[in-house]
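> Residue numbers (our numbering), protein chains in the order written: chain A, 1 to 263; chain B, 1001 to 1459.
These aren't lab readings, by the way, just hints derived from the structure by calculation. Errors might be hidden in some of the hints.
SDA-like mimics (lysine to any residue), calculated; alpha carbons at most 20 Å apart, straight line [to be verified]:
id : chain 1 : residue 1 : chain 2 : residue 2
1  : A       : K122      : B       : P1359
2  : A       : K79       : A       : A67
3  : A       : K151      : A       : P161
4  : A       : K122      : B       : L1016
5  : A       : K127      : B       : T1348
6  : A       : K79       : A       : R33
7  : A       : K122      : A       : D92
8  : A       : K151      : A       : A133
9  : A       : K122      : B       : H1350
10 : A       : K79       : A       : D13
11 : A       : K127      : A       : R104
12 : A       : K151      : A       : G111
13 : A       : K122      : A       : P161
14 : A       : K79       : A       : T23
15 : A       : K79       : A       : G21
16 : A       : K127      : B       : L1354
17 : A       : K122      : A       : R104
18 : A       : K122      : B       : V1015
19 : A       : K79       : A       : M197
20 : A       : K122      : B       : L1354
21 : A       : K122      : A       : H105
22 : A       : K127      : B       : R1336
23 : A       : K122      : B       : L1439
24 : A       : K122      : A       : E154
25 : A       : K122      : B       : A1450
26 : A       : K122      : B       : T1348
27 : A       : K122      : A       : L132
28 : A       : K122      : A       : E134
It should be emphasised that the depicted structure is a prediction, and the values quoted were computed from it without experimental measurement.
Here are the chains, one letter per residue:
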Amino acid sequence: MIGPALHPADPGDQTHLEFLGWTVQIEDREMLRWVDLEVPRGRIVALVGPTGSGKSILLSSVNRLLADLPGARWEGAVKLGGTPLWGRGVDDLALKRRTSSLFRHGAVLPGTVFHNIAFPLKLDGIKDPRILAEAVERALRAASGWEALRKQLEREAGPLPIGLRQIVNLARALVGSPEILLLDEPCGDLDPRETEMFERAILEIPGRTTVLLATHNLAQASRLPHRVAFFMDGQLVEYGPTDRVFQRPLRTRTEDYLSGRFG
Amino acid sequence: MIDPRFPLGRILAFVLPLPALLLAVFTLRANHVASPAIFVDPAGDSILALPLAPAPGDTGGIGRFLDADGLPVRIAQRAVAVPAPSTWILWRDDAPLSMGRLSGVLVDAGDTLRGERAREALRRMPAPLSRDEHRLVERLRTARDRRDSALALDALERFLSRQRTVVALLQAPGRAIHEVPLVRIRHVEVFEGGWADGVMASARRLWFRMVSTADAGSGGGLWGALVATALVVLLAGAMGGVPSLFLAVHLADQIDPGPAVRWLRWASEGISGVPGVVWGCVGAAGLAYFGDSSWGHEAMGMVPGKGILWAGLALGVLSAPITFTRAMDAIDRVPRSSREIARSCGATRHQVLLWVVIPACRRGLVGAWFAGLARAAGETAPLLLVGAVGSIEIGWHQAGSMPSLSGEFLHLGAMAYEQPWPSVQAHLGHPLAYLALALVAAGCLALEWAALRLGEVRE
């Protein structure tokens, strides 16, 4: 069964990721304004909103790719398990190890499927082929792609169909057992069958992993997550449990967006 | 430009040089028929090429030929007639090989007799043969029957060792008789004559001419040009192509492709349109300035004058923008998201570059390098200005030796026309020129093809 039932909402949620007055500017354009958001540990939280509403910037504030954007400035704080992500002198590498990201277009790294999945471990200097093989298998099983890809580990990842490429990417994201998984419209280019396969894989991710899912697909946003955050023009408009947001939105803008009146 | 995915393009790439090659072979054959004059070999010994018509019914034998006026000609006082007909090739150290029917071996070469005097002398032919001469004829006959080149050479050498002046007379497939001083014969080949053999012989002859640069100052031939071209192109690839590859990769490393990158791209696209002759002038100017200055001589090890190093530098500058532009294009085709993935995994910029960007566009980078080579190989103007005269000590004998970088080298015109022949016979250089054309066309097309193949985007 697909739905939030696998990750039942729990009143005793711990805060895992926290945005405090988070404001981001890129070359004088305000991308996020004063975002206050708490993400509970082990839950799936969907970020919805029209294009340019700041969802991707929010994700890149967590995986620290924001630092690679030319002309980016920020204010406020993002805390991961209480540790500030953007303080002075933070350990970029250590923080990146705690998060994993998956992007929209199904791009993969050059090289084989195996190389793609083992890439983070190879970056860490792990060379023992047995350890790598074990980790790759574990990650592929966690991403529900072992059956489909076990025979193609030594093939180039580039020519695979996009659905399988995203599974490969998911396995790579999971290989380092991250605390937080950041999904930036992972099903944006997938057809419904592939989307269903991918959603199944996400729901089977071990429960301790927190998932932030940016999506345009409102049906997906109503199926998968425990909580939904609605963004518009860089501002957090509404945040709450999925059922409540979809059935009884507090703000008219949320209602208009969710009912398809714009966006 | 030929699209490599289009099969016709591949075919053309190999077919286009063929006409020039065929032209080379057949012009060479035509030369035998048409070569009308006396020419002098580099050592100063005479090689006669008289336009003679065989008298009807006669096969071989000295003196049984008529000159252009229809009068018999004798070119020696005593001669040994050798078995005929068969085709002989005499490989010589110093000049293009001689090929034809060996019609006689001349002993004690004397005056050339013409007209009535020749007719009178012919009545006394054949003169009685000495024992040595008998033995030579016998052994040459055996050599012909067995097609044994070694035996023939041995016979000639033994004979030679007992005589003072010996000249071999060769009747070419046309009507010319070559008089080849036997001291210079290095190798003899014997085979039955025929059309295909003639073409084969022409091809061999062409090859021999191509490589016969015993002393590039006098021998001519294309071998030196080939080696020098390869060297200059590689130098250009090293001095222009490699730095531009590094520059392109380095710029790919930057977070923000700022105005510097935009300016560089704009500039390199502009520079790649500059005609080669301008770079030739730049190279020549640099050579005049640095090459002649003691600083350039001492600090750079550059010998004053025109040299292969300067030619390589000029071609390198010329081909660098092409390599740079294509390398940047190849790097740009690496999806941004691949880099994002690696960055999000915690890869440093260098790791992203070495593990993701370069592996993804490796073929494109090599293709860019080849594109630069192709441009450098196809560009002649800088070479005419920078590397026009001089010599490279490369030849048949010194095949293992390498030319020095500051050594000068010959341009094609000198290789094909000036060096092997005196000026009156410049037309004999046509086959070499055609051959060079074929080689240059084939080389450039092959390089360009490689560049395109490697530069293809794989999806």
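> Hints first: check each against the structure and report whether it holds.
Cross-check of the supplied hints:
{"no.": "1", "hint": "K122/A with P1359/B", "verdict": "holds (15 Å)"}
{"no.": "2", "hint": "K79/A with A67/A", "verdict": "holds (16 Å)"}
{"no.": "3", "hint": "K151/A with P161/A", "verdict": "holds (15 Å)"}
{"no.": "4", "hint": "K122/A with L1016/B", "verdict": "violated (49 Å)"}
{"no.": "5", "hint": "K127/A with T1348/B", "verdict": "holds (18 Å)"}
{"no.": "6", "hint": "K79/A with R33/A", "verdict": "holds (17 Å)"}
{"no.": "7", "hint": "K122/A with D92/A", "verdict": "holds (18 Å)"}
{"no.": "8", "hint": "K151/A with A133/A", "verdict": "holds (13 Å)"}
{"no.": "9", "hint": "K122/A with H1350/B", "verdict": "holds (14 Å)"}
{"no.": "10", "hint": "K79/A with D13/A", "verdict": "holds (16 Å)"}
{"no.": "11", "hint": "K127/A with R104/A", "verdict": "violated (30 Å)"}
{"no.": "12", "hint": "K151/A with G111/A", "verdict": "holds (16 Å)"}
{"no.": "13", "hint": "K122/A with P161/A", "verdict": "violated (25 Å)"}
{"no.": "14", "hint": "K79/A with T23/A", "verdict": "holds (14 Å)"}
{"no.": "15", "hint": "K79/A with G21/A", "verdict": "holds (11 Å)"}
{"no.": "16", "hint": "K127/A with L1354/B", "verdict": "holds (17 Å)"}
{"no.": "17", "hint": "K122/A with R104/A", "verdict": "violated (24 Å)"}
{"no.": "18", "hint": "K122/A with V1015/B", "verdict": "violated (49 Å)"}
{"no.": "19", "hint": "K79/A with M197/A", "verdict": "violated (32 Å)"}
{"no.": "20", "hint": "K122/A with L1354/B", "verdict": "holds (13 Å)"}
{"no.": "21", "hint": "K122/A with H105/A", "verdict": "violated (24 Å)"}
{"no.": "22", "hint": "K127/A with R1336/B", "verdict": "violated (27 Å)"}
{"no.": "23", "hint": "K122/A with L1439/B", "verdict": "violated (48 Å)"}
{"no.": "24", "hint": "K122/A with E154/A", "verdict": "holds (16 Å)"}
{"no.": "25", "hint": "K122/A with A1450/B", "verdict": "violated (33 Å)"}
{"no.": "26", "hint": "K122/A with T1348/B", "verdict": "holds (13 Å)"}
{"no.": "27", "hint": "K122/A with L132/A", "verdict": "holds (8 Å)"}
{"no.": "28", "hint": "K122/A with E134/A", "verdict": "holds (13 Å)"}
Checked against the numbered hints above, the structure breaks hints 4, 11, 13, 17, 18, 19, 21, 22, 23 and 25 and satisfies the rest.
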